[in-house]
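Colleague: Take the given structure of chain B and dock chains Z and H to it, following the hints.
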Amino acid sequence: MSPIRKATTHVNQNEGLIFEKSSPGKYAWKLPELDVPEVDPHQALGAAARGDLGNMPEVSEIEIIRHFTRLSTWNYGVDTGLYPLGSCTMKYNPRVNEVASRMEGLAGAHPYQPEKISQGALLIMKVLSKCLIEITGMDAVTLQPAAGAHGELTGILLIRAYLESKGNPRQKILIPDSAHGTNPATAAIAGYAVENLKSNSAGMVDIPSLVAQTNEDVAALMITNPNTLGVFEREIARIAEILHAKGALLYMDGANMNALVGKARPGDRGVDVMHMNLHKTFSTPHGGGGPGSGPVVCKQILEPFLPVPVIVTKPNDILALDCDRPQSIGRVRAFYGNFGMLVRALAYIMANGADGLRQTTEDAVLNANYIRKKLEGCYDLPYPTPSMHEVVFSDRLQTKNGIKTGDIAKRLIDYGFHPYTVSFPLIVHGALMIEPTESESREELDLFIDAMRSIAEECERDPRLVLEAPHTTRVSRLDEVTAARKPVLRWKPKEQPAAAD
Amino acid sequence: MRYLPKSDAERSVMLREIGVRTIDDLFAPIPAEFRVKGDLNLPRAFAESEIVDYFRQRSVENGAGYTSFLGAGAYSHYRPVVIDSLISRGEFFTAYTPYQPELAQGTLQAIFEFQTMICELTGMEVANASMYDGSTATPETVMMAARVTGRRTAVVARSVHPEYREVLATYARYQGLPVTTVGFLENGRVDLKALEKAVTDATACVVIQSPNFFGAIEDVAAAADIAHRKGALLVVMISEAVSLGIVKPPVEADIVGMEAQSFGVPPSFGGPYAGVIATKEKFVRQMPGRLVGETHDKNGKRAFCLTLTTREQHIRREKATSNICTNQALVALMANIFMTVYGREGLRELAKHNLSKAAYAAGEFGKRAKVLFGGAPRFNEFVVETKQDPKTINERLLEKKIVGGLPLKKFYPELGNAALWCCTETTTRAQIDAVVKEVA
Amino acid sequence: MVVPHISPVLGDVGKVQIAHVCQRRADVGHPHKKEERKMNYPSELKYTKDDEWLKVEGDTGVVGITDFAQNALGDIVFVELPKVGTEVTAGKAFGTVESVKAVSELFAPTTGTVTAVNEELANAPEKVNQDPYGAWMIRIKLKDKAEAGKLMSSADYEKYASERG
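Residue numbers (my numbering), protein chains in the order written: chain B, 246 to 746; chain Z, 2 to 441; chain H, 147 to 311.
Bound conformation, chain B alone:
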């Protein structure tokens, strides 16, 4: 095996499920003395009173600390090292963001508390709104959507409401075959049919196909720019023109904004509405799969349809929430948005300033191109078009020994890295999608490049090493087939006691 320069082996604790450590009489809580008369649940609730809580765990505080600490050591995070997942933008999650969001008046604020004592939160939302509008070159914004897919739905509903106000919501949405799965899923929920749009040989939107398929039945095109190949859609202004000429709108999936912030603005190029992923571009933590936040920015024509409530400034600069918006699409969620993530995003923007954001974008693109240059000899580049903040290779040069992109990804784990994105976008057969982000030093990039080169060599020299990887993790490849055939989705005690009533 080649010398592996990064720490790889995972702490091998055999930590069971919390229920397996549970035992009656152990406890980790203590409530204050009850200062009001105790209520008898059976008297107060009658038939609605509950018996005992069955198999809920009973453990002590130290056991809880150890349990979750041990579990955490089995994970890999951005804090551990480079996380090259494409289009996920796994950048550093600044810790000052956490301090900001945990301030008592912000973390403890109830969404329905009076306006008078909500000026702090509303100001944060207003300042962030202005920043997002400036960054994207748009006119209006909603911070309500809880995540990217939620933002997509909101954006498409805005388009629908606008077209309805013009007399015809139309029936279909065009989606490039390179798009993320949330795009067609979202279109379906918004009540639209999905029509596929082919990519051309450069991996970009095929203009002749777009012209042929754009008609008065098309409500919008959902585009990602740069696209999922990491390539900038040069023709974006022309694409917007083609759509607008037939009364259709251009929606942009903002997942790849990390290539554009401070360098180019989608609103300047004909995009009518887009969502942002604060958990990608704006450093809010991924947390193992969420929470996210997906604000939507749009042009003035869509502003009347924004979800309620909208932040307004009253006389004397008092900020307020306005629900009196007759053309609004309604609410897409209760309350106002993932406020805790909005705080973090604003803290990130403030730490950077305008030039910091621009420098961030430049470093992101620099890092991706550096990787591309260094690996283009050993991995196949399916498209010659220049990459922005992410690069897509394919496994074509490795498949002759039966090795696929997924195998290479598993072997990368042995070198101390998290895998890149496997098999996406779908238009590339056997894709390896790599987005380093700006958070990587040259040293970390070189370690990654060395690892990938070493694996390419192993694919020739010793394929089994790659095919049977990973070798250094606590668990080896899992039987996902049995997990799908006979799903076991919860723990059950060995002897089944009477169900909690």
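Please note that a few of the clues may not be correct.
[Said to hold, decoys possible] No farther apart than 25 Å at their CA atoms in a straight line, the calculated lysine-lysine pairs in the DSS-like style are these: (1) B:K737 to Z:K299; (2) Z:K302 to B:K266; (3) H:K195 to H:K305; (4) Z:K368 to Z:K388; (5) Z:K7 to B:K619.
Rather than coming from a laboratory, the hints here were simulated on the basis of the structure.
Modeller: Just chains Z and H now, kept in the frame of chain B:
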């Protein structure tokens, strides 16, 4: 910029190795006329200490240190300190979605435990690894019921949280799913007779909330009966998760939609929260959201992985059960730790404290004003009708740094000067006594 | 991240076929190479270009998927079949078959009414991999027996399968 681990010298070397002269050469794919000239019009860079000061100031302007009697879908419970210690571990905090299970067993096992505990508490057989929140879980449960039954209408009780109903209306409109609303009675519960009339054999599901928006506990068994007789499903929404410690779980439901915010998640001006959907095993393939399953590796070691992923957007795309991609994992982890800290005995005691505090407060309010909906059992919220407009009362209270109950006129105009009050285990007797005095 | 998948696209831009699965192989190789065995196409059956087989028994048609299809799909984890009494139309989807990371639609070879559904596959979907011609999926009361004549013979299908590799 201090988050960027590169010196200008390193940047130059890298540019040279790539074979370009300047960084802007790498931005050449963007037509020059679209590139931003100079820098954007944004605030200048702040020092870390200045950032902390800025948000501290906002916190002061945001009611830090006030006593609150608000509930209505967001609850102020004490958060055990181990929650933040543990979720701040970088391996949980900065990890991605567990698509590569060998490197994510921590997240996966934690979610598996979460799913198990939700089943135990709700009386359902399977639970997912969370939706965005309770309000968006509502339309997701209805769309799920539509898939299961093949029917395209729904009936919802007006005693369900008004904003949950608004979100349902937004989603339902574009799904071609007409929703009928059924009113409530003098005891605050849904009108079962009206429900009976509204449910037809085109109804996919009935949606109720228990405890409902007014704090009243619904007759879940009766609602289930009405729904099932017409072949519809019963969906029960739960917005105050702590109630499950003392209130009988809705075992007669087919689908439970829950907001887990009460379990150790700060109210945070409305988000992030974590919604959950739990259901019977036979409906699992129609359930949206991530699911973690148990399996083993090739050496027979127990392990966990995402499973039944063919339901989801990245595979089924436009035929997916939902477009949802995220799963609020970190928030669900907070809830997980909270449930583990309190556990079997603690959750019950916690709920008892809530029940007792609210009962005491309702009793005291009853001496000076009218407490509505007395005919049904309630958990930790109750509605008080005063002679004075609750807005005026609240203005008075605010000067004393107290946030009074939520005036209900904007949601239920017919209730006049009514307000929704909530007491949790953090509310003291002294606070209750002080606030009741102010209410005339 | 994941997957080769088959996306059923609405409208007339394209339709989902099991054939597409074969073009998108699984994203991981096999550490223990499967025995290179010859694919099997019983001669008494008829075949569709969507990789279903049809056995005509009087005025009933029995339907399943071919050896080529099960091999391309990989380990099958779930089969979704219609209820007895459902009308199916030649060339239109009647169900789906799932592997861990992909979903494919099943297309009816002929038109008719479903008279029986193989309940065994609900608990043992792996039977489709083990014995694709024994693991029938649905039985159809044929509307028009002549439709079967339009399908491919075993020799034609074998040729068609080998072209797609």
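Colleague: Taking the hints in turn, state whether each one holds.
Modeller: Checked hints:
Note on K737 (chain B) and K299 (chain Z): the hinted pairing holds, with a Cα-Cα distance of about 23 Å set against a maximum of 25 Å. Proposed proximity of K302 (chain Z) and K266 (chain B) is supported: the alpha carbons are some 18 Å apart, at most 25 Å. For the given pair, K195 (chain H) sits about 11 Å from K305 (chain H) by alpha-carbon distance, which is consistent with the 25 Å threshold. For the proposed pair K368 (chain Z) and K388 (chain Z), the alpha carbon gap of about 13 Å is at most 25 Å, so the pair holds.
Between K7 (chain Z) and K619 (chain B) the CA atoms are separated by roughly 18 Å; this keeps the pair inside 25 Å, and the hint holds.
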